[in-house]
Structure formats: C-alpha cells, structure tokens
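Number of protein chains: 2
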Amino acid sequence: MREFILLALKAKTSPNINLDDLVGEGRLDLVCRVVSSALFLSHKIRRDTVIHVAMSGPRLPPKMVSFYGSTWAGITPDEKAIAETIKKALSKGASLALGEEKDVQPGVKVAKKAFETLVKEKSETSQLIYLHPKGEDVRTFKFEQNPVFVLGDFLGLPKKTEKFLDRLGAKKIKLGPNVLFSSHCPVIMHNELDRKEVY
Amino acid sequence: MREFILLALKAKTSPNINLDDLVGEGRLDLVCRVVSSALFLSHKIRRDTVIHVAMSGPRLPPKMVSFYGSTWAGITPDEKAIAETIKKALSKGASLALGEEKDVQPGVKVAKKAFETLVKEKSETSQLIYLHPKGEDVRTFKFEQNPVFVLGDFLGLPKKTEKFLDRLGAKKIKLGPNVLFSSHCPVIMHNELDRKEVY
Numbered sequence: 001m002r003e004f005i006l007l008a009l010k011a012k013t014s015p016n017i018n019l020d021d022l023v024g025e026g027r028l029d030l031v032c033r034v035v036s037s038a039l040f041l042s043h044k045i046r047r048d049t050v051i052h053v054a055m056s057g058p059r060l061p062p063k064m065v066s067f068y069g070s071t072w073a074g075i076t077p078d079e080k081a082i083a084e085t086i087k088k089a090l091s092k093g094a095s096l097a098l099g100e101e102k103d104v105q106p107g108v109k110v111a112k113k114a115f116e117t118l119v120k121e122k123s124e125t126s127q128l129i130y131l132h133p134k135g136e137d138v139r140t141f142k143f144e145q146n147p148v149f150v151l152g153d154f155l156g157l158p159k160k161t162e163k164f165l166d167r168l169g170a171k172k173i174k175l176g177p178n179v180l181f182s183s184h185c186p187v188i189m190h191n192e193l194d195r196k197e198v199y
Numbered sequence: 001m002r003e004f005i006l007l008a009l010k011a012k013t014s015p016n017i018n019l020d021d022l023v024g025e026g027r028l029d030l031v032c033r034v035v036s037s038a039l040f041l042s043h044k045i046r047r048d049t050v051i052h053v054a055m056s057g058p059r060l061p062p063k064m065v066s067f068y069g070s071t072w073a074g075i076t077p078d079e080k081a082i083a084e085t086i087k088k089a090l091s092k093g094a095s096l097a098l099g100e101e102k103d104v105q106p107g108v109k110v111a112k113k114a115f116e117t118l119v120k121e122k123s124e125t126s127q128l129i130y131l132h133p134k135g136e137d138v139r140t141f142k143f144e145q146n147p148v149f150v151l152g153d154f155l156g157l158p159k160k161t162e163k164f165l166d167r168l169g170a171k172k173i174k175l176g177p178n179v180l181f182s183s184h185c186p187v188i189m190h191n192e193l194d195r196k197e198v199y
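Chains A and B, in that order, give the protein sequences.
Residue numbers 1 to 199, in the numbering used here, belong to the letters of the first sequence in order.
Residue numbers 1 to 199, in the numbering used here, belong to the letters of the second sequence in order.
All the given hints hold, so there is nothing to weed out.
Now the in silico label distances, taken between C-beta atoms and shown as ranges:
1) Tyr199(A) to Arg59(B): 39 to 49 Å
2) Gly74(B) to Ser126(A): 33 to 43 Å
3) Ala73(A) to Gln145(B): 39 to 49 Å
4) Glu144(A) to Asp21(B): 39 to 49 Å
5) Gln145(A) to Pro58(B): 43 to 53 Å
6) Asp137(A) to Lys120(B): 37 to 47 Å
7) Glu121(A) to Glu124(B): 53 to 63 Å
8) Pro177(A) to Leu19(B): 27 to 37 Å
One-sided and incomplete, this derived list gives chain A residues near chain B with beta-carbon spacing under 8 Å:
9) Val23
10) Ser37
11) Val187
In silico DSSO-like cross-links for lysine-lysine, where the CA-CA straight-line distance does not exceed 30 Å:
12) Lys142(B) to Lys120(B)
13) Lys160(A) to Lys122(A)
14) Lys44(B) to Lys134(A)
15) Lys92(A) to Lys44(A)
16) Lys163(B) to Lys44(A)
17) Lys174(B) to Lys44(A)
18) Lys134(B) to Lys196(A)
19) Lys44(A) to Lys160(B)
20) Lys10(A) to Lys44(B)
21) Lys171(B) to Lys109(B)
22) Lys172(A) to Lys196(B)
23) Lys87(A) to Lys87(B)
24) Lys109(B) to Lys10(B)
25) Lys196(A) to Lys172(B)
26) Lys44(B) to Lys163(A)
If you are wondering where the hints come from, they were derived from the structure by calculation, not from laboratory data.
None of these values were measured; they are calculated from a predicted model.
In this text, a Cβ means the ideal position worked out from N, Cα and C, and glycines have one as well.
Bound conformation, chain A alone:
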C-alpha cells in the first residue's frame, strides 16, 4: 500500500465550510487537489493508496480525514466534490473526543487525531519519506514496500516538523530540479512507484 499524509496547517476544522470559496477556507482547494492527485488514475481509483489529511486550522483541531482508495466510491475528482466530502467528515466528526474515529462514507473516515500521532505510528512499521531540496533523487532512491509520504501544503513543512521527522528516521527525497506545487508531488511519486512496482 502507498500512503500519503498531508499536513494542512491552515485548513479549517469546523464544518461551516463555504464550498464556493475553497481558497478562503484555509486553502481547501489545494487540499482537494492533493487528494485528487493521490487517488485518481484515468477513469479509475488507485485502490492501493490511502491519503490522510491532517488539518489543524480553526476551530476544532486536530482533525484527520482519511481517504481509502480500496473502498472509496462515488466521488468525482473535482475540488468541489472532494471538499463536500471533507465538509461532511468534519460535520460527522465535530464532537469526537481525542483518539476517536468515525466512518463518514465508504472509503472515508474522520478522526480526532494529530499529525504527529499518526506519523509516529507509521514510523514504527513503514518507510517514512518527505520531500526536501537536498534529498536523494526519487529515481535512485531505494523504496521499501508500503512507503509513507509526508507532504506539506502551500506553507511547506515547518522546520520543527522536519526535525521531528528526522528524529523518527524519515528519509528525504527530491522529485526533480524544480520545487513542485504540492498537488503535483503525488503524481511524480506514483509514477516512480508504478515503474518500480512498489506497492
């Protein structure tokens, strides 16, 4: 399985989201594009992929909305449809206590869980990877099966998050000569993993 964890620092965690102004809602537009890039192929879903969106904007942080390609159904890849699903998740999860999780719809769950908690759990079982301009080229990097990628949003990963990842033994990679837009990163990663048959 391929797993992505998106740290969405400003994405609103209360469910009163205006679906007609995703940019204004803590850059929810970008969050939705990352989800779309992680999960969609032409006319099908990547069944081997999970993406967790760790949201820490106002007013009910932390919130973790997770999309499971294996069971995801009936969602189109446009920003607004994905935003509607996130809104529904935040609504269903509004009163969760820390550590609790709830089903939202097939392939979508919401939890009251912090980014750090999930990343720490994953580091115990999987190869943890994040993007860094001084990382190893994705084309030469030795992937293990079931890799977990940590991504930042438009703000990138804060320095303290990078240090936290380093302490957990995370590996740094880079995708090419240019620093890419967040939502383009899963596309390059998937392409490399498809070629190397890493699942």
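Since the structure of chain A is provided, determine the placement of chain B on it from the hints.
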C-alpha cells in the same frame, strides 16, 4: 518554450458558465486542472510554458483560450479562479469571426480558431507529441527544443484525431505503466523536460 494543446471536446464555448458547477459545464473542472498543472510550480509560474485550450462544446465553437506563462499574472491555481478567467475569455470572444484573436488580460488570449488549425501550424515548426499506450517511454524519448504536446480531456483523443496527428508526423509517447488522469500528464512531462533541460 514548452507548449500544450488540450482538446476539450465538451467544454462549453458560450460564456454563460456556472462557476459553482464546473463538472456540469462540460467538465470545465478538468480543463482548469490541466491549465493549473501545466503552468504552476511551487509559488511561481512556469514562464517558459504556454497552454492552449481548444474548446468545442456548445454553443459557439470553436474557441481557443490560450494562457502564456511568460506574461500571466494574478491568477491563483484553483479551479474556480481559472474557470473565471475562461468565462471572461469566452465573454470577450463571443463575437469573434473565424481567425480573429483578442487579448483578455495579461497572459490570456481568446481566438475563434479550431484545434486542427493550431495543431497544423505547430507541426510545421515544432516537434508534435501525443500520448499513446503504445508510444515510446518518455524517459528514453529524444525531445527537441520547443516541444508541443497534444492532450485529450476525459474523453481522450478520438481515433480520427490520432490519425490526423499521425499524418502530421506527430510522435507517440507514454508516461509510465498506468494511463494517467489528463491533469496529471503535464506534471510528468514537465518533470522529464526539467531533467533533460528541454525548453
């Protein structure tokens, strides 16, 4: 310069576009994501890139909306902002006669021009490329400078368009083992061209 031509077969060409239902407007959501993928890097625009959207949906086809990275300004990468620009272009271009072109705003033009006309012009000066599952791998393909990529939307390129491209000497490439979502294709192409320093 890198150039993309997106054949958007169903994208509406009359300017009465509902910005809150891009999926319903001939999959304008997808068109916007392709534009975004072709032109955006992290916190900057690809100044060396142009994308032409050849729209042939109802009711005023053909329409060509072209985005020039070199002079594009003030547009955010979310679907709705790009759709607003396309709507403005269609409005300004509503009464153009065949062959006429008009400035919309810095870096954006609209023309009454068919896909086939533009592709034919480009074939005379540039290496023309399109995606095909039996094409050569993008990683071994020999790019010339100023390549022009032809892309399909959710419907793909019709067989007759592939034949037309073949007659013009277009080359076929593939991006990897999987057939990708349209809006992910420019990301892989750019990554390869960045690595090979093809502009």
